[in-house]
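There are 4 protein chains.
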Amino acid sequence: MFDSIHEECGVFGIYEPTPKNVGEITYLGLFALQHRGQESCGIAICDDGVIRHHKGIGLVGEVFNKDNLNELGNGNMAIGHVRYSTTGGNNINNVQPLVIKHIKGNLALVHNGNLTNAQELRNKFELEGAIFRATSDTEDIAYQIVHDRLNTNSIEEAIKESMTKIKGAYSCIAMSAQKLIAFRDKNGFRPLVLGKTKTGGYIVASETCAIDSVNGEFIRDIKPGEILTISKDGIKSSFIESNSSSLCVFEYIYFARPDSIIEGSSVHRARLNAGKILAKESPIDADIVIGVPDSGLDAAIGYSNESKIPYGIGFVKNKYMGRSFIKPTQEERNLTVKIKLNVIKETVENKRVILIDDSIVRGTTSAHIIKLLRENGAKEVHLRISSPAFKHPCYFGTDIDSKENLIACKYNSNEEIAKVIGADSLAYLSIEGAHKLADNSKCHFCDGCFSGIYPIETPKENYKNKFEEKINK
Amino acid sequence: MFDSIHEECGVFGIYEPTPKNVGEITYLGLFALQHRGQESCGIAICDDGVIRHHKGIGLVGEVFNKDNLNELGNGNMAIGHVRYSTTGGNNINNVQPLVIKHIKGNLALVHNGNLTNAQELRNKFELEGAIFRATSDTEDIAYQIVHDRLNTNSIEEAIKESMTKIKGAYSCIAMSAQKLIAFRDKNGFRPLVLGKTKTGGYIVASETCAIDSVNGEFIRDIKPGEILTISKDGIKSSFIESNSSSLCVFEYIYFARPDSIIEGSSVHRARLNAGKILAKESPIDADIVIGVPDSGLDAAIGYSNESKIPYGIGFVKNKYMGRSFIKPTQEERNLTVKIKLNVIKETVENKRVILIDDSIVRGTTSAHIIKLLRENGAKEVHLRISSPAFKHPCYFGTDIDSKENLIACKYNSNEEIAKVIGADSLAYLSIEGAHKLADNSKCHFCDGCFSGIYPIETPKENYKNKFEEKINK
Amino acid sequence: MFDSIHEECGVFGIYEPTPKNVGEITYLGLFALQHRGQESCGIAICDDGVIRHHKGIGLVGEVFNKDNLNELGNGNMAIGHVRYSTTGGNNINNVQPLVIKHIKGNLALVHNGNLTNAQELRNKFELEGAIFRATSDTEDIAYQIVHDRLNTNSIEEAIKESMTKIKGAYSCIAMSAQKLIAFRDKNGFRPLVLGKTKTGGYIVASETCAIDSVNGEFIRDIKPGEILTISKDGIKSSFIESNSSSLCVFEYIYFARPDSIIEGSSVHRARLNAGKILAKESPIDADIVIGVPDSGLDAAIGYSNESKIPYGIGFVKNKYMGRSFIKPTQEERNLTVKIKLNVIKETVENKRVILIDDSIVRGTTSAHIIKLLRENGAKEVHLRISSPAFKHPCYFGTDIDSKENLIACKYNSNEEIAKVIGADSLAYLSIEGAHKLADNSKCHFCDGCFSGIYPIETPKENYKNKFEEKINK
Amino acid sequence: MFDSIHEECGVFGIYEPTPKNVGEITYLGLFALQHRGQESCGIAICDDGVIRHHKGIGLVGEVFNKDNLNELGNGNMAIGHVRYSTTGGNNINNVQPLVIKHIKGNLALVHNGNLTNAQELRNKFELEGAIFRATSDTEDIAYQIVHDRLNTNSIEEAIKESMTKIKGAYSCIAMSAQKLIAFRDKNGFRPLVLGKTKTGGYIVASETCAIDSVNGEFIRDIKPGEILTISKDGIKSSFIESNSSSLCVFEYIYFARPDSIIEGSSVHRARLNAGKILAKESPIDADIVIGVPDSGLDAAIGYSNESKIPYGIGFVKNKYMGRSFIKPTQEERNLTVKIKLNVIKETVENKRVILIDDSIVRGTTSAHIIKLLRENGAKEVHLRISSPAFKHPCYFGTDIDSKENLIACKYNSNEEIAKVIGADSLAYLSIEGAHKLADNSKCHFCDGCFSGIYPIETPKENYKNKFEEKINK
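Taken in order, these protein sequences are the chains called B, G, S and L.
Quick note on numbering: the first sequence equals residues 1 to 473 in the working numbering.
Quick note on numbering: the second sequence equals residues 474 to 946 in the working numbering.
Quick note on numbering: the third sequence equals residues 947 to 1419 in the working numbering.
Quick note on numbering: the fourth sequence equals residues 1420 to 1892 in the working numbering.
Since the hints were derived computationally from the structure, they do not count as laboratory data.
Note that the structure is a prediction, hence the values are computed from the model and not measured.
Misleading hints may appear alongside valid ones.
[Stated by the list, open to error] Here are the simulated lysine-lysine pairs, BS3-like style, with alpha carbons at most 27 angstroms apart:
#1 1655/L - 1485/L
#2 1746/L - 800/G
#3 104/B - 597/G
#4 20/B - 179/B
#5 813/G - 1655/L
#6 1254/S - 1273/S
#7 813/G - 852/G
#8 66/B - 493/G
#9 539/G - 327/B
#10 327/B - 966/S
#11 1142/S - 327/B
#12 638/G - 597/G
#13 966/S - 280/B
#14 1655/L - 1617/L
#15 1615/L - 792/G
#16 493/G - 1746/L
#17 792/G - 1746/L
[Said to hold, decoys possible] Partial selection, computed: residues in chain G whose CB lies under 7 angstroms from chain B:
#18 602
#19 692
#20 696
The beta carbon of each residue, even a glycine, is placed where N, CA and C say it ideally should be.
Could you put together the complete structure from these sequences and hints?
As structure tokens, then:
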């Protein structure tokens, strides 16, 4: 899958008992989380109570350089953010960390997720004279916390109070002059983990791979509904009443990095499992199993292991194509797919091929890939998707394409879709299968985008309209 | 004068009856106002009620390019800002236009000046739960307007109400979805002028040179205490009760561009006058009168005209030195002055020289220049300054160096200072002289930085502390 | 393998019967060849006899943008080059294409390989008054061709004559005002292939993947000793007397892209074969076979297939680390390896691991990787290398590290090396094995860097000194 | 004058007895020479016999930064170059210093001027198999020197020999491993001066202002036909038979910086003189004399001094417009002139104005400026040009527009031209006047572009064709 399904964000935070190069460490952590958002990023550090930050549009390696990392300097806390932006991307006001001043001091905030009552909150504050700079809902969270801070004794109490008012998905890290506070919505839609450093400090991050990348040690997942405060007094947790957890199952299927462990379950293993379950649910006789790089490879190995059909490497993905790539003006449109992804003819020529991908959105890329396989001599191409079909909007931080564009909404059967994209057969993982892939996970899952059944109330009008609107547009 | 006295900002706004390239025009207007602030800039345009903006750290020519001007696109209103930042410069949150969303819609705001009750306002709003992103006081103005908008029927009414609460210096332009509103504090500390375009539109700008640069026609100054609203219904003005005006006299002496006309008086003429008055007040026998480029040249011609001593060009200023200039590591410190400003020996050799500059701050640059003149054969160097001596802080938008660094605060007499900087004699323009330079101006002046007497109450504690603090630090 | 063995270059050329966007097509072709050189690149196009070019330091996506591609414009021929530079990299004079003017017109030249008599040629020309701007040997080739052009009737005759005088490895494309000429040394050290476009034109490139990437069709390999001229009269070939071919076997093992086909043999298949042969030559009992991404993966699958030990994905490679990555200042040195390459614990924990890499140079990276595997719970780590050990210099266009740094030169046995890098066992592919990996290839191979036996005379003094010198330094 | 007459280059060289920051010093020297060429620049330093260089397209402040100056490092010699390029500008091959390797070692070369027999030289070398990368004639000089070096005992002897073969204008600095050699054509068309440093070293530069800018001391002009060698043995000069000198008189009028002294005459004084002579030759009754900034200001003061008509400042020139300036798309064409150059109404309103400029090329800019003056209330505008009219091509390093575009070629009388550009009257300086402006200069002048009479043979066919060709195009 190349296009159209995007995680919104990745967050990282570090607390050290004594001043250190926390800005640099956060920079490294963001590198490990870059897959969760590639449009903008930022870091805020806290140096003896003073918050300094730098942020910008672009990849971590583009926004940060020696000079601005040096300007950030050392400190004992830092938080960072990588972001995929659904709205234009060029608006610096939306880039996080959000750094604000309020009556009790300074606050920096990073957020992964999406609120379901953002509009209501915004209306409430605006009626009191609030001004908003960003279009993202992070500013709503900040306002709620600051309001609740007026009547509470500490920032963590304010956050706890606020968590009863903000609804939806949020895995956040807040940094005040003295404390680093991680908090996660009561459904635990998005992952958030805790680790420790070799120098007595703590790390909070969206995924364990970020802890690994800075030589930290994973401790545990932050729990749904937990408020975890790190300060000179160590770690303290409190909780709001939590729901039955409902982690986004697509974190396992696509968003998270395979080396991460979420809620006790290895992402890599979950993908292998997805492939295995898929092989059981939708077997087909063939000569080779190949995956669409990079995210389809794990499931392809799983499918191969289960089906005993040999695994092969079917594609070479061009590593050098970035945003700066200039599309050819006079050539046919599918050339770009070919430049990005070339078929290894040796692997597929004269073979019946099982092609594994993690999802289909519009189907155009799948069609191009299948065409390329046939041009390289594949006799049959059976597409197997390691997730159920997208048919419904996500309200919890995933940017799913509009109904009009989703191929699974446009056609009634897998047969029809297979025909449209040129596959000999097509099968998706079943929703039941999706629930089984993280076999040793301790949590439950949200499968709303597949089933249309959501674990909490959703903002019917607004979002649905937006979802439909895209259709009508 | 090279260093240490800085205007804080320049503002520009345009309203057209029908959509046009208002972003491009604002870009041109900001080029003409660049002398008022070189650290950051931005433009916001309003296209059928939708506000888009782009801003960044750097000169207008660095921040804007074809791509981002195209992205801004056409519209029927735009506002722009150039800024000199006193605090680090690297904080994108302070860059204007400030673009916000509030209960009644969108608002963009640009501001030149400085509030005297910013801290009180901020405290008031923070106590109600407000969050601030910027350290500049523009956000305070925005909050006050948005609060007052809750109980008024229009944005211009809200602004009028707010103007009774915000104190100090502000020449502002606000842009809502439908209206462009210029408003100026009741003392008229900073200039603000109105012009019209050839296509039925209106321009508001800090100086007339910006109106000229976009082929507009000057109409009149915006009056102290005026709220001028431009909309599809044309122009309407209302007023708050105004004080006796007190324009910053340093606008004539240094800040404004010589081709601008402020309050009916040509800036160029005011500088010629400053030179003439200075010649009358502090005559000296000499062979040649030269000015320190660029801002000392006008006064030098005035001095020459009055004294009948020939005017000469004493220096070549290097036009190519920008922020990217890398200072030599192993050379003596005054080399940088020499690279920037070389003496034309032909002009000064074996001559008694009257050197005109617009001001002295620390005196170091003056000392270097005088040394260069002597090295090139000047027999005598008599320094004449076309403004009175800086001895007091400014509360109204000028960044004056700390008391400790001001040479006029460190020494008791002109003789002492002359000795320190190596001049044969030194004289400043008298404060009375300063009040006479804009001879046909309709307004009164603030001379607080020279006299220590201010036209309105000043924030004693805070600012004075800051001013002294610099001394003690 | 991350470091220290580098291919020097990739070349691309296109000839179209009528003017087209040949610059853009070459840009795409270079993207597909970027793995052959990442330090600089360039494109020259020929538009109605006029040659325009653009080149620079950096990746293709960094050096080229819409503006400079537009300036290159359309034409009927173009050549391009990607380069890895052994000498500083920052010298624009060495960047190719080399574009020159000579007595008969203009000539652009790109070159992959390395001459063995560059110094002699350079001396000869310099004695006649020649001036050189580059330190690379491409300028020597140009001089020889231009000299031979004085006494021949066509550029292709001149090249043929020159090919009897220049010795060593060269796969070149020359572009004159009218012709595109590909020529390859008589040993065929470096690959060079011919393809055709859908619009009646021809493509010459280092690898077939570049032909694929521009929607071309592969025709055949350019033969050792062949001079192939493409002009309005179509294709013509002539030949110098060729040696028994001796393609660089490391092209199969590491340099070329797995989807390329060289001399009739798929690179991917050759790597699978390398793994299979390695499994036969050096079997070991284990639970999982993993490869070091990306170049060790193919061989790992081959090893797995042959040994029947399951294949697994052992690592996640960070896709976002480029040259701009800033190494942490205060952390231990191996952190960078960890950020680049994180272990998937799920795959290796409590397992006996066979780790496949394509080569070892200094051994430091291998040691880091093995350490990471153990930290993630691997019980045993058996390192298998899908190429023989580097022990000798390459004279034909590969930049091999100095003897002092090559771990295979420093220690006498695989056991010793295994101990140093922390592996439980270590085995290399045998030289005989290397000769068998491209089983259906039509050519012979050079294995000089493994065996020390070279197919042609080598420049003993010079190079050896350089190779030893690095040792003594 | 804004457009169309361009000096080709500025050169700078430094020799120090012991290693120093010569790269940095050259960087400063080039800043002072930037007015002689703004399109590209470069520096080569010699560090213990090893030459390192960096060059690029752009201003000195754009091409050089801390990193690449550091990479250049220290040495005991350096040369630098700023260039205005007549041919596209984007060809890095033409950027100087030209750094080459030849049979006797390394050589770096910078050149200001233009050869008249470049084509013949190029043909001669090409017939011997030479290859050229650049289109500029500097490479021809290098070839000649290298050829002559084969039969001479030193680089300075080779240069002396070469100087009898290369014809036209050249003020050059060559740097070998041991020596810095300045040489100037026997007519001395372009300036070249010698200075010394405070640390026992020597400086060679196009103008004295560059010596001043690095705290050096001017010694004397390099003589026409002189070869001056600086080495560890000190300074030695030899000479070829020289012609009667013929310095380009336009160096005084426009090219050189006013603070420079050429052949004993101050450039500033020469411009004052030009104004004085012009006032005598073409007096007119008026109220004010103003100059077009920056190059018309000196002559305006001269005119004012002679005529006793007051001098005034008529314009403000926008200092911030660089190459990045984006011209407005929808506005009338003359807006750009207005943005660049605004009239100070105060100075010209209701006045009879004498406007002084240094030259007219196409007349379009003059027309715009006169229009602006009238719009600002000038009652009369009398244009006086401080140089004779351009009517002929320059063969010696000045890029004069084609005959078709030169307004003095298109119309027969000053009256006609005055009418076309909207002036009330127009007068040029006489050619005789031009010869008198540098009253204490020791040299004679070339006035070929005014008179059509050249001091040496000119390449009739080639250049004339080019000059005419532009006409026919």
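Hints versus structure:
1. 1655/L - 1485/L: violated (35 angstroms)
2. 1746/L - 800/G: Not satisfied, since the Cα-Cα distance of roughly 33 angstroms exceeds 27 angstroms.
3. 104/B - 597/G: holds (13 angstroms)
4. 20/B - 179/B: holds (16 angstroms)
5. 813/G - 1655/L: violated (33 angstroms)
6. 1254/S - 1273/S: violated (40 angstroms)
7. 813/G - 852/G: holds (23 angstroms)
8. 66/B - 493/G: violated (42 angstroms)
9. 539/G - 327/B: holds (20 angstroms)
10. 327/B - 966/S: Distance of about 15 angstroms is within 27 angstroms: holds.
11. 1142/S - 327/B: holds (21 angstroms)
12. 638/G - 597/G: Cα-Cα ~12 angstroms, so holds.
13. 966/S - 280/B: violated (51 angstroms)
14. 1655/L - 1617/L: With a Cα-Cα distance of about 20 angstroms, the restraint between residue 1655/L and residue 1617/L holds, given a limit of 27 angstroms.
15. 1615/L - 792/G: holds (25 angstroms)
16. 493/G - 1746/L: Measuring from Cα to Cα gives roughly 15 angstroms; hence the hint holds.
17. 792/G - 1746/L: Distance ~21 angstroms between residue 792/G and residue 1746/L Cα, so the pair holds.
18. 602: holds (4 angstroms)
19. 692: Because about 32 angstroms separates residue 692/G from the closest Cβ in chain B, which is outside the 7 angstroms limit, the hint is violated.
20. 696: violated (28 angstroms)
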